[in-house]
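*Asks:* Work out the full structure: start from the sequences and follow the hints.
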Amino acid sequence: MNSIERIKAAVNFETPDRVPVIAQVFGHAATLAGVSLRDYVQDGDLLARCQIQALERYDYDAVFALMDVNVETEAVGSTLTYRANQYPDVKSYALSGGADVDSLSVPDPHEAARMPELLKAVRRLRQEVGDGVLVVGCVLGPMTLATQLLGIEAALYLAIDEPEQFAVLMDFATEVVIRFGIAQIEAGAHLPIVFDPSSSPAVIPPQFYREFVLPSLKRLFAAFKQTGVIANWLHIAGPTESVLPFYPQAGVDIANFDYSVNPLEAQQAIPQICLDGNIKSLSFIEETPEVIADESSRLLDQFADRGGFILSSGCEIPPESKPENVAAMVLATRKNG
Amino acid sequence: MINLSPQELEGTMGNPTIDLLVKALLDGDQAQAVTATKNLRDAGVGHAQIIMEGVEAAMVQLDAKCTVEEFNLLEIMLAGRAVMGVMKELYPSGTHSPQTKGTVVLGSLEGDIHDLGKNVLKMILTAKGYRVVDCGKDCPVEKMIDAAEQEADQAIGVSGLLTSVIPHVRQLREKMTERGLEHIRIMAGGATLKQASAESLNVDFVAETAFDGVSYLEQIAVGAK
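From first to last, the protein sequence lines stand for chains A and B. The numbering of the first sequence is the working numbering, which starts it at 745 and goes up by one. The numbering of the second sequence is the working numbering, which starts it at 4 and goes up by one.
Treat each hint with caution, since some may be false.
In silico lysine-lysine, DSSO-like type, Cα no more than 30 Å apart, as pairs [to be verified]:
no.	chain 1	residue 1	chain 2	residue 2
1	B	Lys-197	A	Lys-1066
2	A	Lys-1066	B	Lys-140
3	A	Lys-835	B	Lys-140
4	A	Lys-835	B	Lys-146
If the Cβ cut is set under 7 Å, some of the chain B residues that face chain A in the computed set are [as the list claims (entries may be wrong)]:
no.	residue
5	Glu-73
6	Asn-75
7	Leu-76
8	Gly-114
9	Leu-119
10	Thr-166
11	Ser-167
12	Gln-198
13	Ala-199
Rather than coming from a laboratory, the hints here were simulated on the basis of the structure. All figures in this text were calculated on a predicted structure; none of them were measured in a lab. Idealized CB from N, CA, C, for every residue including glycine.
*Replies:* And the structure:
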């Protein structure tokens, strides 16, 4: 089996030749290549080259055309601060200073800010790996984009104080990510991961998720499915136990779960959905390969009977992670998967 | 909106208007909380009683709720905003603030602009009667230590969402010791820092949630007595 066949088997609860392993390597690929994050997140060719080098080194099942969480908000009008060895952050939000959502336009992914560079990275990666390895693009969840357009505190207060206005903002955010995601699929991504940290139950209660987040995710995933993704992948970090039961309604096919979520509880919450996780991100910096190998084996054992599993980290593998730790996770699926 | 008449206030048992204030704070309803505060004051209830039986009681209940159910930042933010509204109503100029339980310096260290968790802790600490000096986000280590030297009598709290702040956190203890600040405790929290142990970060305590951090401060106070 190649990586795509392996991942499809896991998603469909069939038996793969081994458990797929996806290391969430984003900026770590730049670190490995000795490239600054500032350059990595602005140059699609460079990003793709670093991802391919990391793939050659680790031999895992997916590569990522993923820059940072500010691609969409910058394309809409936020300004960013770029730093040499960190992901950029927002200097000024598109909706700061009382700007109206109606004054914003949905950006054209082929023209706006870094979106064309990300599409370029998708195309390069697909040219390199074809259908052998999963090419993953990335969009923000609408909730996270809403918080990146206004600032998280202002966005959350808006949701409570002026829910109609917040709904307008969520509609706009959903349009932005649908258009961007479809452009990525058309450029060759097998799927865009939907990265939605602001929807974590650490930030909002489940009722809020049901009212505001779920409808927008349904629209988003339906649009991606219609455009031909091989699966819909949702990534929410933190203690997601209370929102996992909403995932089937949202149209999720692969659900990321973080280190704080008990794997057995996650299995019970969504028995029909493929799970990926959940080694603690910080462990890739702080621990030894032996610890990572043990953690990997424990997870492989816990999912051995169920299937529907992709071995992964609970969230991003940090840029400064030890390469031998990433290699230990990958090796575990060769030995025990 | 709540607007009790003097007759309604007079006919109450066990001060239900305080209960209304507590409920408004737990609901995160700033307008109702401020109205309940005005009604209490008009009925002759003193500021100290409003804070102790209203604001602090609400914080205790919120802490319990977050322990039993699930801690989320939005509910705490709303309660915190309502508390701030009450405090502003009681002390409009900010000059007659109540006696504090101590001063805590908070900040998100350099390289990290995420400050929601830090701001939530600030609100809870303020509601619980602490004075908070906020060093903001992307704060250099030296600036944080300067603030600790000038202002803190209990602890400093650092928040981190990015792994890149960990080396800065690890420097704090040594640099504070060099400045004779061994007595100031160091707390860490936030999505990334809470993945690490206090020992590995070289700090005194790693808080799972904002309330966890407040409990730690209260334990220090008990231990100091």
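*Asks:* Hint by hint, say whether it matches the structure.
*Replies:* Quick rundown of the hints versus the structure:
no.: 1; hint: B:Lys-197 / A:Lys-1066; verdict: 20 Å, holds
no.: 2; hint: A:Lys-1066 / B:Lys-140; verdict: 28 Å, holds
no.: 3; hint: A:Lys-835 / B:Lys-140; verdict: 12 Å, holds
no.: 4; hint: A:Lys-835 / B:Lys-146; verdict: 21 Å, holds
no.: 5; hint: Glu-73; verdict: 6 Å, holds
no.: 6; hint: Asn-75; verdict: 5 Å, holds
no.: 7; hint: Leu-76; verdict: 5 Å, holds
no.: 8; hint: Gly-114; verdict: 6 Å, holds
no.: 9; hint: Leu-119; verdict: 5 Å, holds
no.: 10; hint: Thr-166; verdict: 4 Å, holds
no.: 11; hint: Ser-167; verdict: 6 Å, holds
no.: 12; hint: Gln-198; verdict: 4 Å, holds
no.: 13; hint: Ala-199; verdict: 6 Å, holds
Going down the numbered hints, you'll see the structure goes against none, and every one checks out.
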